[in-house]
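If you're matching them up, the sequences are chains E and C in order. Okay, so the first sequence: first residue is 41 according to this note's numbering, each after it adds one. Okay, so the second sequence: first residue is 7 according to this note's numbering, each after it adds one.
Simulated from the structure, these hints should not be mistaken for lab results. A hint or two may mislead.
Claimed, not checked - Below, simulated SDA-like cross-link-like pairs (lysine to any residue); rule was C-alpha separation at most 20 Å, straight line:
1) 125/E - 60/E
2) 159/E - 167/C
3) 159/E - 18/C
4) 19/C - 183/E
5) 68/E - 44/E
6) 19/C - 169/E
7) 238/E - 237/C
8) 19/C - 249/E
9) 19/C - 60/E
10) 159/E - 33/C
11) 166/C - 100/E
12) 166/C - 58/E
13) 68/E - 99/E
14) 19/C - 166/E
15) 159/E - 231/C
16) 166/C - 159/E
17) 19/C - 155/E
18) 19/C - 161/E
19) 159/E - 237/C
20) 60/E - 231/C
21) 166/C - 102/E
22) 114/E - 231/C
23) 125/E - 246/C
24) 60/E - 235/C
25) 159/E - 307/C
26) 125/E - 247/C
27) 68/E - 125/E
28) 166/C - 48/E
29) 19/C - 164/E
It should be emphasised that the depicted structure is a prediction, and the values quoted were computed from it without experimental measurement.
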Amino acid sequence: MSDASILTCTGLSIGYRNQKAIVKEVAKDLNLHLDRGELVCLIGPNGSGKSTLIRTLTGIQLPLSGDVLLCDRKIGDFSPEEKAKTLSVVLTSQVQAGYMTAFDIVALGRFPYTNWAGKLTESDREIVLSALASVGAGELTGRFIHEMSDGERQKVMIARALAQEPELMVLDEPTAFLDLPHKIETMRILRNVAQKTKKSILLSIHDLNLAIRCADQLWIIDRRGNLITGTPEDLVLSGIFGSAFEIEGVHFDAIRGEFSIPVERRGTFLLSASESVERIWTLYALERIGFVPAGNAAPDISVSVRMDENGPRWYYSHPAGEHNCGSIRELVECISVHHNGGDNH
Amino acid sequence: MKLDGTENGDSMKRFLLALPLIAGLIIIVFMLDLMLGSVNIPFDAILTILTGGTVKESWMNIFWDWRVPKAITAVLVGGALALSGLLMQTYFRNPLADPYILGISSGASLGVAIIMMSAGICGAGAIFARIGLLGDMSISVAAILGAFAVLLLILLISSKIQSNITILILGIMVSYISGALVTILLQFTTESSMHTYSLWTFGSFSGVTWSQLPIMAVPLLAGFILSFCLVKPLNALLLGEQYAESMGMNYNRIRIIIITTTALLAGVVTAFCGPIGFLGIAIPHFCRSFFITADHRVLVPGCILVGGIIALITDIVSHVPGTDIVLPINAITALFGAPVVIWVIVRGTKFGRGVTT
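In isolation and in its complexed conformation, chain E is listed as follows:
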């Protein structure tokens, strides 16, 4: 093993057992590897065993067979305190602690380092404040956790995990409660932490688009408990990514890197416009209402985008004439009126 290796599993089987027998095997023969400073997203459909894997990797649950090596050492051999200094977690459940400031919460991350009374030294204080600063929560320091928004609270919980000064941070669905901009912000913070502090980060996430764009490595569990690992781009190019998630009627668009929303097909279009943002969004709008590019065949409708001094204009031509529209909304309405399903394919 190289000394950059933070987490290694070979031949790991995970699942549940009662006193004697294995009750349910969730996944087996898992071989995993996580390097220093790497950000890994664990993705998989609901019920595929993400949580079980996370619980096993953090030592909360015993593996059915195989070993989890944290810094080349079996996770079961760590004392609770040693483990806390190597591994910290951010859980899905939201913390309901009143009368605790962000500073108080993050200071709890110093638990394995402080004396019996939890007294903070000057260096503990500095670590707490710098953890808050590195997640962009410096201004939250003196604020109460129960007065914060979900996004602010999540930052504080990440800062707490950071203040524990682990080698590896494990986050169970850190973006679950957040709206899209806050999801992206959280991922940006985690990327930053991984790059600047050289900490390794493993997180489970439901948002596939975000995972593709942020992760150094993806761990994908499919419904049968198979685990595939690789760089996101490789997994997209090989088609593995799409096939792991596609369900009836939902397909992965490898070019856009996202799942397309299926619509009833209404016809083909020809779009003439220069390369611009307007062109791209006109394209999206036409696809949304059920048109596909005509390619070399004759299109059912043709649309062009031209710029004049007041901004973009959309021209929609059909056999009966041409319409000049000031917005995509107008364009879409025009198409609906004139292309009234008359010559559906």
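Following the hints, complete the assembly by docking chain C onto the known chain E.
Relative to the frame of chain E, chain C by itself:
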């Protein structure tokens, strides 16, 4: 209330600033408790007694045999109840938890009921006729045995069951069973035993004599010390059991210490003063609002001091100074305490802080 001093998130400094005020207050109410009662002893007489002088003999007797042990008892019991309430609220992460939620006092009540009723049934009522406000060690022993039995039961079950919600429900069930048994005993007892028992359930700080005081004080002080040793894990538990464990806390060991400490505090209090309600649930909330923190390094000493102050005030009021009337402690704690707590909490919510644990 202003948030001065929270700029760096440190609530300890604010507590240390308030400490002289609280210490002064506890001395003042302690003195008042010594002075006021059915016979009011003036302040200069108290000073004379304390500096070794002599005053009227009746005052001397009242002071030494009656007021001083009662005031010390009130301080210790108030602190113990507040502290055990705090431990339970943090452990169960439930703002409604109180010292008796584990069923400890119900076990104690059952012990006391058995002793009193069996005496009544056996016709040995004469022996117990003196019970009442003067108290009797047999009641304390019975209460401690009852509390200890419940503690053993809870520990035995909690070694098998992880979930603290299960333990919570279990404690409540134990309370119901004890309550039912007490009711059955009451059904078959004499009227005087019943009266004695109900007097015991009113709660009183006056039953502890000088000879009993050390027996009560030593376990309570041990409970205080244990609680100080628990401040760090208690703070970690504010984030929940899983976070606490992930930070290196040994959850199973800590919860046994928490349960045992609570049982020690609540059991001993019940044994010597009866099941005193309200203080245990209200004072931790009051302290959180007052010190504006959930940090146990502040709340543990804070609850002991504030608990002591409030118990002393309760005792003064219950003796209705200048009259022979003695009202039940339990009535006073709730009647005068509840509006104060409601005020503190409602005022708190205006700033976005309500009851929280």
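Taking only the CA atoms, is the gap from residue 19/C to residue 169/E under or equal to 20 Å? Distance of about 18 Å is within 20 Å: holds.
Would the hint linking residue 159/E and residue 18/C be met if the CA-CA limit is 20 Å? 10 Å, holds
Is the straight-line distance between the alpha-carbon of residue 19/C and that of residue 155/E 20 Å or less? 19 Å, holds
Holds or violated: residue 159/E with residue 231/C, Cα cutoff 20 Å? 17 Å, holds
20 Å Cα cutoff - pair residue 68/E, residue 125/E: With Cα atoms ~29 Å apart, residue 68/E and residue 125/E exceed 20 Å; violated.
Keeping to a limit of 20 Å between CA atoms, is the pair of residue 114/E and residue 231/C held or broken? 38 Å, violated
Verify the proposed pairing of residue 125/E with residue 247/C, using a straight-line Cα cut of 20 Å. 18 Å, holds
Keeping to a limit of 20 Å between CA atoms, is the pair of residue 19/C and residue 60/E held or broken? 54 Å, violated
Next pair to validate is residue 19/C with residue 161/E; report whether the Cα-Cα distance is within 20 Å. 15 Å, holds
Taken at face value, is the distance from the CA of residue 48/E to the CA of residue 166/C at most 20 Å? 33 Å, violated
For a C-alpha distance cap of 20 Å, please report whether residue 159/E and residue 167/C respect it. Violated: residue 159/E and residue 167/C sit about 32 Å apart, past 20 Å.
Would you check the hint for residue 159/E and residue 307/C, treating anything up to 20 Å between C-alpha atoms as holding? Holds, at roughly 15 Å.
Comparing the model with each earlier hint shows violations of hints 1, 2, 5, 7, 8, 9, 10, 16, 20, 22, 24, 27, 28; every other hint is respected.
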